[in-house]
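Let the sequences and hints guide you as you build the complete structure.
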Amino acid sequence: MLVPLYGFLHGDTLGLVILVQDTDKIRQVAANLQQAAAMRVAPTASAHVYAHGRRLPPDLTVAEAGLTALDRVDVVPEPEPR
Amino acid sequence: MLKRDDWLDLARKLDWDLSYVDERDAFPEDVSGTPWLPAAAWLGWDEPYRTSYTEYVATQHAKETAVHAVREAVGHIEDFRRLPRSWLSALKLHSATLPLAEFAAVIGNLRAARFGRDSAWRTMATFGALDEMRHTQIPLSIMHELVKWDRQFDWTHKFFHSNNWIAIAGRHLVDELLICSNPIEFAIGTNFVFETGFTNLQFIGLSSMARAAGDRMFETMIKSIQTDEARHAQMGHPVLRVVVEHDRAYAQRLVDKWFWRSWQFFAVVTGFAMDYLTPLEHRTQSFKEFMEEWVLGQFQDSLAEFGLDRPWYWPKFLAAIDIYHHMVYASAYTYRATTWFDFVVPGPAERQWLDAKYPGTFARVAPVWDRIGERWRTAGPELEWYVHGATPVGFCNLCQLVLSGGTPDANSAQPLVHDGRKYMFCSEPCRWIFEQEPARYAEHKDVVARILAGEMPANLLELLRSFGLGDNVWGKDVHGGRYPWLGGEGQR
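Chains A and B supply the protein sequences, listed in that same order.
Numbering (our numbering) for the first sequence: 13 to 94.
Numbering (our numbering) for the second sequence: 19 to 510.
Heads up, a few of these hints could be off.
Counterexamples of contact, computed for chain A against chain B with all Cβ distances above 12 Å [what the hints assert, rightly or not]:
1) D36
2) H64
3) R66
4) P69
5) P70
These stretches of chain A come out as covered by chain B in the derived footprint (C-beta under 8 Å, 3 or more residues) [claimed, not checked]:
6) 22–30
7) 47–60
8) 73–84
If you are wondering where the hints come from, they were derived from the structure by calculation, not from laboratory data.
Because the structure is a prediction, the values reported are computed rather than measured.
We treat Cβ as the ideally placed atom computed from N, Cα and C, and that holds for glycine.
Structure below.
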């Protein structure tokens, strides 16, 4: 099932609405948002996802993480190693 | 012969004791506004201009003649063709947001002309309605000639009739403030807050930039309009005085609500123009400096005069002056095809200026401009879509603007569940406004809700069409990404 989420990428200037499947991994949510914002913020290899005041394990699915339509998720990219 | 002040009140203080109808029926609270007070409470209503109809007509005629004389001299296509291209974008943005909003204000004024509680107030509101009709006609008339040269000027008339996202935000503000509000809320929200509090930004700040940019037509038009605004804005003070006396908490709530909503409107419309679209050499002050000089001091003095407090969100507002319009502009740049005007990337000199004017805060947005520069460098000129977003944007369920509150590191978006429906707001004040009157706002659909309901397409190109934009109109980079400071192939 498609789940629209409000995504806020750390470093970006606006919130986006990303569509994910409830079976997608949280890791994929981060990648989708980074890709959607790529013209403003360079994507990184990995990022942490936060929702409802907690950090979500990357291997959980959207449904397992308890995310439902129009929830807010915050994505914080991990700095690339120099 | 009697002097004007000796007879004027005989002509405008025309209230009498009603005997055939109850006062509450003649002026129902639903239409006349809250608090409902007997006529005696409004007897002292007065304003400083005390204009007679004869004087009004003579003055307006002289103003119209002056505007038309300037138009004859410098209001033709060849005159606009000489203006900087980024300035033309500022002109297109203002031209679209101005005339039909002014026309909506005709309705607000006419409601006050019938349901305002004092006849002098009703007389002033009649003049106000005539003013706003003039403010509708002048920009429509001037910009109409430019349509055959540049189709983006067609949005001077088209904008408010479209479902463009900025138009949805504009209507959400204008419908409530100007078309639907009762005379008391209209006087406090429009006359006291919007007109007295903010329009100096346009009429002093922006007109000085128009002059510097060589746009004498816009400067003349906006100054001519301001002389009307300065007069009819005076309706706000005497209304607010009565409301404060009888229901201070309500007066404070209206001021808090309309100050925030007015601020957001001006941050986008005037902030873009002053800090980005006006060429650097023509900028006289930053948007923040104008806000500090022309809005903050005067507004705080006015509040003190009425014994009102600064809005509860004042620290958030002060923080927003430093960054909000930078957040929105950078976002809108990467969705420029969703608008009817063109955008410019701030180059090194502009960024140095912005850094100096916004120490510590512009730097937080600057990495986004670095990235945009990288994308243009990689793509080369004219490849607009490589530096453009395609994913749907989130919108605030109150102001209907993009979710660009706060900073890049801490977006201030605020969720709320109301009657089982999820809402998202760009900021705490927007959520607070919604929570004060949820019935007023709950059913409104933002762009995202329309997309999810299948009423608008999610695909960007189809969405642009539903906004009424074709490729000959939608916003582009003013220079097509061709900036010498980017270096690299094709950038000279």
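Would H64 (chain A) pass as off the interface with chain B, using Cβ distances and a cut of 12 Å?
-> The assertion about H64 (chain A) is violated, with a minimum of 10 Å to chain B.
Please settle this one: P69 (chain A) was flagged as non-interface, so is its CB more than 12 Å from every CB on chain B?
-> holds (22 Å)
Under a C-beta cut-off of less than 8 Å, do 3 or more residues of the stretch 22–30 of chain A approach chain B closely enough to confirm the stated coverage?
-> That given contact holds, which follows from 9 residues of the stretch 22–30 of chain A lying within Cβ reach (below 8 Å) of chain B.
In terms of beta carbon proximity below 8 Å, does the stretch 47–60 of chain A have 3 or more residues touching chain B?
-> Since three or more residues must qualify, the claim that chain B covers the stretch 47–60 of chain A holds, with 6 doing so at under 8 Å.
Hey, does D36 (chain A) actually stay past 12 Å from chain B on C-beta?
-> Answer for D36 (chain A): holds, closest chain B Cβ roughly 15 Å.
Do three or more residues of the stretch 73–84 of chain A come closer than 8 Å to chain B, measuring C-beta to C-beta?
-> This one holds; 4 residues, not fewer than the three required, reach chain B with a Cβ under 8 Å.
Mind verifying the non-interface call on P70 (chain A)? Its CB should be farther than 12 Å from each CB in chain B.
-> holds (21 Å)
Minimum Cβ-Cβ distance from R66 (chain A) to chain B exceeds 12 Å | holds (15 Å)
Checked against the numbered hints given earlier, this structure breaks only hint 2.
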